[in-house]
Each structure stands twice: as C-alpha cells, then as structure tokens.
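Undergrad: With the hints as constraints, model all of the structure from the sequences given.
Protein chains in written order, with UniProt numbering: chain A, 1 to 363; chain B, 1 to 102.
Please keep in mind that the hints were generated in silico from the structure rather than gathered at the bench. We treat Cβ as the ideally placed atom computed from N, Cα and C, and that holds for glycine. Mixed in with the good hints, there may be bad ones.
[To be verified] Computed footprint of chain A on chain B, listed as stretches where at least three residues anywhere in the stretch have a Cβ under 8 Å from a Cβ of chain A:
#1 30 to 41
#2 47 to 54
#3 82 to 93
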Amino acid sequence: MTRNAPVSALGQHGRAGVDMLGAMQKFASNHVRRAARQQFEASAEAPALAAGAEGEDRASIMDWVDRARDVAERQALYRLERFTQAYVALSIYEFGIPAVERSRARFAAEADSVVDDGIEVDPQLAIPDYFDCDWHLRPGGWDGYDLYGPHGLHVVKPIFALGGFAAAPVGANIGQHRLDVVAQLPRRDYRRIYEPGCGNGSTLVAIHKSFPDAELIACDLSVEQLRAARRLTDKLGIPASLRQRDAATDTREPDESVDAVVTFALHHELPHAANVALLTEMFRILKPGGDIVLSDPPPFRAIDPFHAVLLDWDTEHRAEPFFSEAGASDWGAEMARIGFADVKAYAIGPDSYPWVTLARKPG
Amino acid sequence: MSNTYLGPDNIDDLGRMVTALLTELWITRDRVAVLEQLLEDKKIVLPGEVDDYIPSEDFEADLERIRDRMAANVIGAPLAARERSVDQILARAGMERPRAEA
Ligand SMILES: C[S@@+](CC[C@H](N)C(=O)[O-])C[C@H]1O[C@@H](n2cnc3c(N)ncnc32)[C@H](O)[C@@H]1O
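TA: Here you go:
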C-alpha cells in the first residue's frame with residue numbers, strides 16, 4: 001500500500017482527545033450556558049443590572065460588572081459552565097503539549113520547520129513587561145515552547161474553530177469573522193496594508209483574499225508567532241513582510257507609508273495606555289485618507305450583564321490580564337482624540353461579535 | 001482513624017478527574033470506531049494504521065454526533081436533574097421529535 005497518503009498529525013490519541021475537548025466546550029457553551037443565563041435572568045437583581053452601568057466611565061462600568069459577577073457566582077449552573085471552560089482551557093496545554101511532543105519527529109521533518117530567513121527578527125527589541133504572561137494559560141507565553149506553532153494548528157485551532165470561548169459564540173466561524181472584518185474597509189484600491197500583532201497570520205490570509213494585489217506588512221512581538229505566520233503564508237503563497245516589532249512603541253515604518261491598517265483580536269492583550277500608543281503609531285504610519293479597522297471583543301457598554309460577566313471572567317481565569325480593561329474602554333473615543341475622523345463602532349455578528357471600530361485619517 | 005481524605009475543597013478536583021476520564025473514554029471509543037471502519041473498508045488492519053488514520057468528512061460527521069452525545073451525557077448530567085421535558089432531553093442529545101404536520 002502507498003505510504004504517501006496524508007497521516008494524522010497527532011495520531012489517534014491526540015486527535016480524539018482534542019476532539020473531545022472541543023465537544024465539551026461546545027456543549028458547555030451551548031446548553032449549560034443557556035440554562036445558566038436563565039438562572040441569572042431569574043434573579044432578583046437582574047432587572048436592575050439589565051439597566052446598565054450608572055456611568056460611562058471605566059470605574060462605573062467595572063462596578064456594574066462586579067455586581068453582575070456576584071449574582072452569577074451564586075448560581076450552580078454558571079459555576080458548572082465556567083468549570084468546563086476552565087478545564088478545556090487548561091487541557092489545551094495539559095493534554096495538547098504531550099500530544100504534539102509525541103509527534104515531534106514529524107514536525108521537525110517538515111521542510112519548513114524553521115523559517116527565520118523570511119522574517120525580520122530583532123534580537124535587540126525591548127519586549128514590554130506586560131508581554132511577560134502565560135497568555136491563555138499557555139506555559140511560558142507565546143514563545144514558551146518551540147512546538148507552539150504545530151500546537152496552535154493541531155490543538156488550539158480545531159477547538160477554537162467550534163466557537164464558544166471568550167467572545168466567540170458557539171458555532172461562530174472565526175475564519176469568516178476575519179473576512180467580514182476586512183470587508184468593512186471602505187475602499188478597494190489600497191496598495192499597502194499593515195497588520196500589527198499578526199500572530200500566526202490567519203488574518204493576513206483574510207486580507208490577501210480580499211485585497212489580492214495589496215502589499216502586506218505585519219508585525220508581532222513573538223518570534224514563534226511570526227514563524228507560524230511565515231509557514232502559513234508560504235504554504236498559501238501569500239507574499240507578506242513579517243517584522244518583529246513593538247507596535248505600541250515603534251513599528252519603524254516611515255510616516256504616511258500605508259494605505260490601511262487591520263487589527264484582529266489584538267487590543268485586549270495590551271494595557272490601555274499601550275493601546276492608545278499603538279493607535280497613535282498607526283495614525284503616524286497611515287497616509288492621509290487611509291483607513292483603519294479594529295476588531296476585538298465587544299465593549300461592556302454594548303452587551304448585557306450576563307455576557308459581560310462571561311467576558312470579564314477571562315481576565316482572571318484564562319490569563320487575559322487586560323481583557324476587562326479593554327472591555328471598559330472606548331477605542332472609537334480614543335481614536336477621535338488622536339485625530340482620526342469618521343469613527344464608527346458597531347457589531348457585525350450575533351452576540352455583538354465581531355465588534356469593529358472603523359475610522360479614517362483625515363487627508 | 002478516619003479514612004476520609006477529600007474535603008469540600010476537592011469538589012473541583014473530582015470534577016477535573018471526571019472530565020479527564022471523559023477525554024480518555026472518548027479516545028477509546030474513537031479508536032474502536034476507527035478500527036471498525038478500517039475493518040469494514042479493508043478487512044485487515046496494519047500496524048500504525050489506526051494512528052495515522054484521518055477520518056473522511058462523512059465519517060468525521062458521524063464521530064462528531066456520537067462525541068457530542070457522550071459530552072452531553074457527562075457534562076450535561078447536572079442539567080438532566082433540572083430540565084426534564086421530553087424536548088429538553090432530546091435537545092441535549094442533539095435531536096428533536098418530528099413536528100406535527102400543520
Ligand atoms: C490573540 S493574537 C491575534 C493574532 C492575529 N491578529 C489573529 O488574527 O489571529 C495577538 C497577538 O498580538 C501580539 N502582540 C501583543 N502585543 C503586541 C505589541 N505591542 N506589538 C506587536 N504585537 C503584539 C501577540 O504576540 C499575539 O501574537
């Protein structure tokens with residue numbers, strides 16, 4: 001028989017275990033969450049909470065979330081739903097790391113296993129303190145394990161593809177989200193498009209699909225993530241310049257050098273001040289008349305209290321230290337202060353996700 | 001001497017042990033399904049074939065259905081004590097009864 005047929009990357013044990021983690025998350029986010037929401041909405045405090053925060057400032061918004069969390073935590077089904085979420089989030093590493101380690105020989109044999117030559121790596125780059133975090137409970141952070149690239153592809157992706165975590169509702173298709181976000185850009189004729197915090201490159205794929213002739217430039221702090229992005233863009237034949245940079249301090253792109261900026265799932269990973277600095281840096285590199293589209297989980301002001309409790313939970317429980325800080329922020333207002341015009345913020349999918357903020361640099 | 005070891009703060013640990021067992025149980029159930037499929041397709045299974053196996057789209061859809069039911073039975077056990085209508089029971093199992101013709 002031929003041995004050339006594609007074989008399962010993780011073997012049967014790894015593949016099936018990952019599948020079950022996805023099934024647990026799907027069931028919990030669907031059935032258990034629905035029942036938990038009913039308990040929450042039947043509580044005596046629910047009507048007052050549904051009226052929203054008392055003020056629009058970040059302190060009032062967080063006070064509202066705190067009150068809603070107290071109600072949710074009293075309820076058995078909420079706790080059960082969160083227990084399952086937490087179990088899956090931990091198991092992505094507890095189960096997933098040994099699963100990819102077992103297939104190390106296979107990943108090492110891939111011709112493109114190390115692809116630094118296609119990346120501008122900057123060993124001198126000052127990595128900001130806030131980046132020192134086991135993001136999403138990932139031991140050692142984004143660069144903590146040399147097989148996090150294949151781990152992302154064969155463990156994280158199949159579980160996340162089902163939706164039902166953080167802001168993505170069950171059944172959400174994140175690939176389609178990326179295309180939908182990019183489609184918000186109002187023009188078709190951009191020549192150079194920039195993505196700060198490109199991670200494993202999935203959004204670059206969406207940008208290329210919509211703008212096949214545009215030149216793509218992207219940066220990330222993490223070398224492992226840039227390597228994953230290089231593997232993905234090479235495999236799909238997408239030309240993109242990948243640079244290790246801190247997008248919140250200096251991208252080292254010339255002033256007024258890009259026509260559009262796209263961000264996806266980035267802002268909730270930075271402290272508020274770094275986000276403002278990042279948006280200011282994007283303003284600097286955009287050409288006058290250039291457009292920017294941001295996408296991140298919805299702000300707390302745009303969602304109901306139970307939903308806000310679920311999002312806020314990631315801050316403490318899924319190693320997202322800035323999730324709530326971002327949820328209580330108003331990026332549109334910050335962008336207007338920086339000088340952007342025509343700022344619009346709106347949801348383009350169910351459960352207010354993806355939430356986008358669109359703006360233009362006057363010119 | 002007391003032979004009680006776990007305390008109330010071990011309830012989460014017990015939950016983790018149950019969910020870990022669910023993963024292991026599914027891995028075995030999936031392995032049985034793959035073996036059955038290989039035997040049906042070729043009457044013989046070679047070393048390594050189960051591990052290398054990638055389910056076809058149709059077979060994966062069948063597996064997903066069985067897997068979702070198993071997750072529903074285990075993770076949904078606490079719901080079973082609370083939501084007991086026929087429609088709720090069927091919905092947890094990913095089913096519904098045929099609607100009466102209008
Ligand atoms: C959740 S990932 C999203 C990746 C990608 N945009 C996508 O759509 O999948 C966020 C990424 O932002 C990167 N990041 C965080 N802070 C950054 C900064 N100051 N400059 C550049 N990248 C940053 C992280 O390393 C991580 O890869």
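Undergrad: Return the numbers of the hints above that this structure violates; sort them in rising order.
TA: none
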